[in-house]
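Trainee: This is what each chain is made of:
Number of protein chains: 2
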Amino acid sequence: MEYTAQLQAYREQVERGIDALLPPADTRPTRLHQAMRYSLQAGGKRLRPVLVLAAAEAFGPAPAAALPVAVALECLHTYSLVHDDLPSLDNDDLRRGRPTAHRQFDEATALLAGDALLTYAFQLLPRHYAASPALCTALAATLAEAAGSEHLIGGQMEDLLAEKKADATAAELDFIHLNKTAAMIEAALVAGGQCGGATAAQLTLLRTAGRHLGLAFQIIDDILDATADTATLGKTAGKDARAGKTTYLQLHGREAAGRHATAATDDALAALAGLPGGAPFLQRLTAEMLGRKS
Amino acid sequence: MEYTAQLQAYREQVERGIDALLPPADTRPTRLHQAMRYSLQAGGKRLRPVLVLAAAEAFGPAPAAALPVAVALECLHTYSLVHDDLPSLDNDDLRRGRPTAHRQFDEATALLAGDALLTYAFQLLPRHYAASPALCTALAATLAEAAGSEHLIGGQMEDLLAEKKADATAAELDFIHLNKTAAMIEAALVAGGQCGGATAAQLTLLRTAGRHLGLAFQIIDDILDATADTATLGKTAGKDARAGKTTYLQLHGREAAGRHATAATDDALAALAGLPGGAPFLQRLTAEMLGRKS
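Same order as they appear, the protein sequences are chains A and B. Be aware that the first sequence starts at 1, since it is given in the numbering used here, and climbs by one per residue. Be aware that the second sequence starts at 1, since it is given in the numbering used here, and climbs by one per residue.
Bound-form chain A, shown alone:
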């Protein structure tokens, strides 16, 4: 299948998976389930679940088995956005072009909906992989470690601390990017590989590709935050500068930031080239991420 059609097919599969796998909006407590769905069904690039499906398919023809863990990863990503947007963290009003969860509902509901999305990721795994307990255990490890205090949440905590002092070093910024962003992109590729039956060496390639793709992705995010407008991004633009936050752009300059993103993309492509058949879809997606406008 041609790249754009394949990307579209993966995204549609993810949207259908989210709708089918989340608790129904009329299940008690309805307000909580509505807030979970509101946050998860706001669209977005679906980068992480698409990576899960594509990585699984790089090893075989049946990505359907990877759909529940793809949805689980998107639940984790979405919970982290819902909590990041809360008044005590970024206090943001806009996400994916719509009011953030605490603006649409209220702060308590958004807090609990975030907790529920985080927990739901770990409900989905035993519900859908209980027949393959070794796979279920491996997927749980991949997701929980990536989302934990030493990666996703740790990156968020250090981001918060860096904001307060406003003179973060390049090493601190790398820690934040590697953990807040790259860890979950790594986890997406690894989880896909685990579903597809990748060998340990192939999982290492996926992890390497994910780390570099994640770094490139975050550098581009920083560039877009400084150069694109709110309507294009679907989230508040120029936030970093207004928050007095040290960004990759500010630390290295626009040009060097662009070079670093290109270098990280090349490293990701090199790792992907070692997968069966060179994983052409993943290579193309990685290259496209470098040129994205939102």
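By construction, these hints were calculated from the structure, which means they are not laboratory data. There could be a bad hint or two in this list.
Treat identical chains as interchangeable: a pair holds within one or across any two.
To be verified - Each computed EDC-like pair below joins lysine to aspartate or glutamate, with the alpha-carbon atoms no more than 20 Å apart: (1) Lys-165 to Asp-106; (2) Lys-164 to Asp-106; (3) Lys-245 to Glu-12; (4) Lys-165 to Glu-107; (5) Lys-164 to Glu-107; (6) Lys-245 to Asp-225; (7) Lys-45 to Asp-221; (8) Lys-165 to Glu-2; (9) Lys-164 to Asp-174; (10) Lys-293 to Asp-229; (11) Lys-245 to Glu-172; (12) Lys-45 to Asp-229; (13) Lys-245 to Glu-255.
As the structure is a prediction and not an experimental result, all values here were calculated from the model.
Model the placement of chain B on the given structure of chain A, informed by the hints.
Mentor: Below, chain B without anything else, positioned relative to chain A:
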């Protein structure tokens, strides 16, 4: 071993397990790991992890294998307290006789520490049960379902909604108690049984016992909130009345509430009696909960 000594031994095992299994306080991000430890090492009755260990031991002599899941359950319980105490929910200053996490650190750190404790529960399971993937998968299902949007978080959400309308019905209050409190006590007994190799029928007995013990526990909590003082409780007393919250006590009266707690305790004891040897430690603990003063 005599009951009090056995209870003390279980509690010491839990305290040592928490200290050994949590991320070290000097691991980056240190502030986050310190907040996780501050919240988890505040003491408390350790009811849930003690139930895990005791339920495992009811089926064999080696509760050590149950320690990681006991700690995982206490992580889940503690995260739910940390988030409940936040300004957007109960806005409480005191927990287990010490400042709540957001008072000791700040709101953002408490939010993230809660997220990290929740996630850590699901890191602990694959870290410690990967050699028994079927057990790992079963434990993950038990914990995630109990902590999810239809149980723990769902109960919390309905509690919040009930507070706002201040005229909750008995059925609504039962939903809240069954999900906000009893579900995790059920999960503790079931997880212990799963570690001990309980049969499906025995797991059902444990689940039944947990539900009734959980209900009794919550009714006593409501009674203590209205009748005990803050120093004895280690948390703010009289909160429910001040919040205009419908409580079990208010709905049924002090005397009927006491009778219901006794009846639920009797139901729990009857279920426990069906376990091997009658599970005397669990029976005694269940009976003691009825007469507790804090």
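Trainee: Next, verify each hint and record whether it holds.
Mentor: Verification of the supplied hints:
| no. | hint | verdict |
| --- | --- | --- |
| 1 | Lys-165 to Asp-106 | between (30 Å within a copy, 16 Å between copies) |
| 2 | Lys-164 to Asp-106 | between (26 Å within a copy, 13 Å between copies) |
| 3 | Lys-245 to Glu-12 | neither (36 Å within a copy, 45 Å between copies) |
| 4 | Lys-165 to Glu-107 | between (27 Å within a copy, 18 Å between copies) |
| 5 | Lys-164 to Glu-107 | between (23 Å within a copy, 14 Å between copies) |
| 6 | Lys-245 to Asp-225 | within (12 Å within a copy, 45 Å between copies) |
| 7 | Lys-45 to Asp-221 | within (13 Å within a copy, 46 Å between copies) |
| 8 | Lys-165 to Glu-2 | neither (47 Å within a copy, 55 Å between copies) |
| 9 | Lys-164 to Asp-174 | within (17 Å within a copy, 45 Å between copies) |
| 10 | Lys-293 to Asp-229 | within (10 Å within a copy, 60 Å between copies) |
| 11 | Lys-245 to Glu-172 | within (12 Å within a copy, 46 Å between copies) |
| 12 | Lys-45 to Asp-229 | within (17 Å within a copy, 53 Å between copies) |
| 13 | Lys-245 to Glu-255 | within (19 Å within a copy, 59 Å between copies) |
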